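*Asks:* Note that the protein sequences, when read in sequence, are chains A and B. Here the first sequence is numbered in the working numbering, starting from 1 and rising by one per residue. Here the second sequence is numbered in the working numbering, starting from 326 and rising by one per residue.
Read the hints as simulated data drawn from the structure, not as lab findings. A couple of the hints might just be wrong.
[Stated by the list, open to error] Below, simulated SDA-like cross-link-like pairs (lysine to any residue); rule was C-alpha separation at most 25 angstroms, straight line:
| id | chain 1 | residue 1 | chain 2 | residue 2 |
| --- | --- | --- | --- | --- |
| 1 | A | K103 | B | A650 |
| 2 | B | K428 | A | E167 |
| 3 | B | K625 | A | F122 |
| 4 | A | K273 | B | E590 |
| 5 | A | K70 | B | A650 |
| 6 | B | K625 | A | G19 |
| 7 | A | K273 | A | R301 |
| 8 | A | K273 | B | R647 |
| 9 | B | K625 | A | M92 |
| 10 | A | K70 | B | P427 |
| 11 | A | K103 | B | P427 |
| 12 | A | K273 | B | Q359 |
| 13 | A | K273 | B | D429 |
| 14 | A | K70 | A | D170 |
| 15 | A | K273 | B | K625 |
| 16 | A | K273 | B | V345 |
| 17 | A | K273 | B | V348 |
[What the hints assert, rightly or not] Derived CB-CB ranges, DEER-like:
| id | chain 1 | residue 1 | chain 2 | residue 2 | range |
| --- | --- | --- | --- | --- | --- |
| 18 | B | D499 | A | E218 | 51 to 59 angstroms |
| 19 | A | E251 | B | D358 | 53 to 61 angstroms |
| 20 | B | F447 | A | E172 | 43 to 51 angstroms |
| 21 | A | A292 | B | V345 | 50 to 58 angstroms |
| 22 | A | S199 | B | H521 | 22 to 30 angstroms |
| 23 | A | Q69 | B | Q359 | 40 to 48 angstroms |
| 24 | B | V345 | A | A298 | 21 to 29 angstroms |
| 25 | B | R647 | A | Q15 | 39 to 47 angstroms |
| 26 | A | Q34 | B | E492 | 22 to 30 angstroms |
[Unchecked claim] Here's a subset of chain B near chain A, in silico, CB distances under 7 angstroms, partners left out:
| id | residue |
| --- | --- |
| 27 | N371 |
| 28 | A617 |
| 29 | A642 |
None of the values given here were measured: they were computed from a predicted structure. Virtual Cβ for every residue (Gly too), placed ideally from N, Cα, C.
Residues per chain are reported as follows:
Number of protein chains: 2
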Amino acid sequence: MSLAISYQDIERAAQRLRGVAEVTPLLHSRELDQICSGQIFVKADNLQHVGAFKFRGAYNRIAQLSDAQKQAGVVACSSGNHAQGVAATAQMLGIQATIVMPKDAPAIKVERTRSYGADVQFYDRYSENREQIAHELCERLNATFVPPFDHADVIAGQGTVGLEICEQMDGEADVLLSPLGGGGLCSGSAMAAKHHWPSLTVYGVEPEGYNDTQLSLESGERQSVSQTGSSICDSLMTPAPGELTFPINQEYVNDVLTVSDEEVEAAVYFAWKHLKLVIEPGGAAALAALLARKIDVANKRCVVIASGGNVDPHWFAEMLQRQSA
Amino acid sequence: MSLAISYQDIERAAQRLRGVAEVTPLLHSRELDQICSGQIFVKADNLQHVGAFKFRGAYNRIAQLSDAQKQAGVVACSSGNHAQGVAATAQMLGIQATIVMPKDAPAIKVERTRSYGADVQFYDRYSENREQIAHELCERLNATFVPPFDHADVIAGQGTVGLEICEQMDGEADVLLSPLGGGGLCSGSAMAAKHHWPSLTVYGVEPEGYNDTQLSLESGERQSVSQTGSSICDSLMTPAPGELTFPINQEYVNDVLTVSDEEVEAAVYFAWKHLKLVIEPGGAAALAALLARKIDVANKRCVVIASGGNVDPHWFAEMLQRQSA
């Protein structure tokens, strides 16, 4: 089966993002090296515009719309980083974004999305279907829907994270760890990195209870998880792998690891204390897998993607109190 | 009067630090640009080893000791970032560090310093003189004292921050803002940056009540401030400019700005929320001056040094609760 994107699509996305997205730093920490007995690098895409890699995919999708499509605007469903990525892109390109959000979404997420000039359209998550609302909005406005992960342009945009890592590293890495939700970041970055480093081992990292890609890779076909469990990794709580992202992950991801809420919280605290970075729970999943020794990276060169840093200040304050008690 | 260092000393320090210190990123944020109506870059030296620029100066000093001096070890007085810089350097070079600290120093600072393998020697700050204790220790151990700022090698090491900024920027900057305590970072960085960009305007930023360099520049000679005031910028609470750093600041710093605790706390929160960086109060002084509009940087290219990220988790948690209330 042919994949939704090729390596060249990621290269073209990188050209589109040049001078628009930040080239986020690949950071190194002696503390991490010592703890892991390896050489660890952190790709800090929490320092990207809107505080998350999601800007890359959103921009790569929206920038390719025709002038007529741009004029009609874009629509997305998200109360998280994707919403902000789409809103910030639309603002940059001077077009209208409408974001569909549950009416009980946290005020801070609504505020952030509006701060980029987007319209927020609320729905009742108990009685209404957000996809249907988004679909109707697109019909009415003649607008273009921007999916959070399952679109070739979105995947190629997120893959620029992996491409940048290869450009920034001095020599090859042995291991790459990426947070894994819908799979856009992990699949694109795995494809880009393995193009440069064919012997690289890539791990996706999912929260316990949301290990849909892990189960799907084991069974060889897309599996859903029940949506009853909770996780502090709100940005990784996708119930099933994408139709387009899954085959790429099947091809390029060696294995999937899972992390518990406790492991993720410890990683968020470690990043605050030692790396001096603000990483949100979902964004710290890969770091959590490393710190919890889910794999042995002794004497290896290992890159961990920190994918986002948008986190509730009250939760963060309570986390600091708990972890430093 | 001849200055303690020349630009070439900073270049030599940079060679010494190559592959040892981190080349910390020069970050860019659209939020900051929009707020300031300029182009703002943040030199994130809170991402340096030990979470502060102090590693640079300590390493540049200690690495130049003779083998016999190294064997006898080093001594420093500090309960803050300088202690950690000296301890981490000593650990890297396999030599013994003894750090003189008040016996009521926060446990976390003692723990951090010990984590780098240093001996901690306590003194009673009400009945004993720390300089005398350090002097006696040096005599007894035949060890070398590493001053926190007032030494040519230390100043040259800190100046590599300014040198790196010039190497990392694409084109010249118009304005550079640096936190200013003892003056090592500000003086060295100002000298390095003005060597490359003679028309640069450099501002040092001091906490209100610890504006000793501001008063000294106004009067033309070194002035002390009374040590009765308090400040959340613990790393900038020096009562008087250095004998060596002051003439360099006189030559290269255009002006000194002051910031209040409230302005600093708002900057620490801004960095957490928008930059996704953990910056300690003293390390955020320059950012605070910018955000509080102490100068107008409209349409200018402005670099702000974030100099450290070592901060008490309880204070940080309370700050998050206050600022997001």
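*Asks:* Hint check: is the beta carbon of B/A617 less than 7 angstroms from a beta carbon of chain A?
*Replies:* violated (21 angstroms)
*Asks:* Does the hinted range 40 to 48 angstroms hold for A/Q69 and B/Q359 at CB?
*Replies:* Given range 40 to 48 angstroms: violated, Cβ gap about 27 angstroms.
*Asks:* Would you mind confirming whether the straight-line C-alpha gap from A/K70 to A/D170 stays at or under 25 angstroms?
*Replies:* violated (40 angstroms)
*Asks:* Restraint: B/N371 near chain A, CB-CB cut 7 angstroms. Satisfied or not?
*Replies:* With Cβ-Cβ at 5 angstroms, under 7 angstroms, it holds.
*Asks:* Given the hinted pair A/K273 and B/V348, is their Cα-Cα distance within 25 angstroms?
*Replies:* holds (20 angstroms)
*Asks:* Does A/M92 sit within 25 angstroms of B/K625, going by the straight-line distance between their CA atoms?
*Replies:* Given pair B/K625, A/M92 holds - Cα atoms ~21 angstroms apart, limit 25 angstroms.
*Asks:* Does the hinted range 22 to 30 angstroms hold for A/S199 and B/H521 at CB?
*Replies:* violated (42 angstroms)
*Asks:* Holds or violated: A/K103 with B/A650, Cα cutoff 25 angstroms?
*Replies:* At roughly 21 angstroms apart (the allowed maximum being 25 angstroms), B/A650 and A/K103 satisfy the hint.
*Asks:* Just tell me: holds or violated, for the beta carbon distance of B/R647 and A/Q15 against 39 to 47 angstroms?
*Replies:* Since the Cβ atoms of B/R647 and A/Q15 sit about 44 angstroms apart, the hinted range of 39 to 47 angstroms holds.
*Asks:* Would the hint linking A/K273 and B/E590 be met if the CA-CA limit is 25 angstroms?
*Replies:* Satisfied, since the Cα-Cα distance of roughly 18 angstroms is no more than 25 angstroms.
*Asks:* Below or equal to 25 angstroms on CA atoms is what counts here, so check A/K273 against B/Q359.
*Replies:* violated (29 angstroms)
*Asks:* Would you say the C-beta atoms of A/E251 and B/D358 sit inside 53 to 61 angstroms of each other?
*Replies:* violated (40 angstroms)
Of the numbered hints stated above, those contradicted by the structure are hints 2, 3, 5, 10, 11, 12, 14, 15, 19, 21, 22, 23, 28, listed in ascending order.
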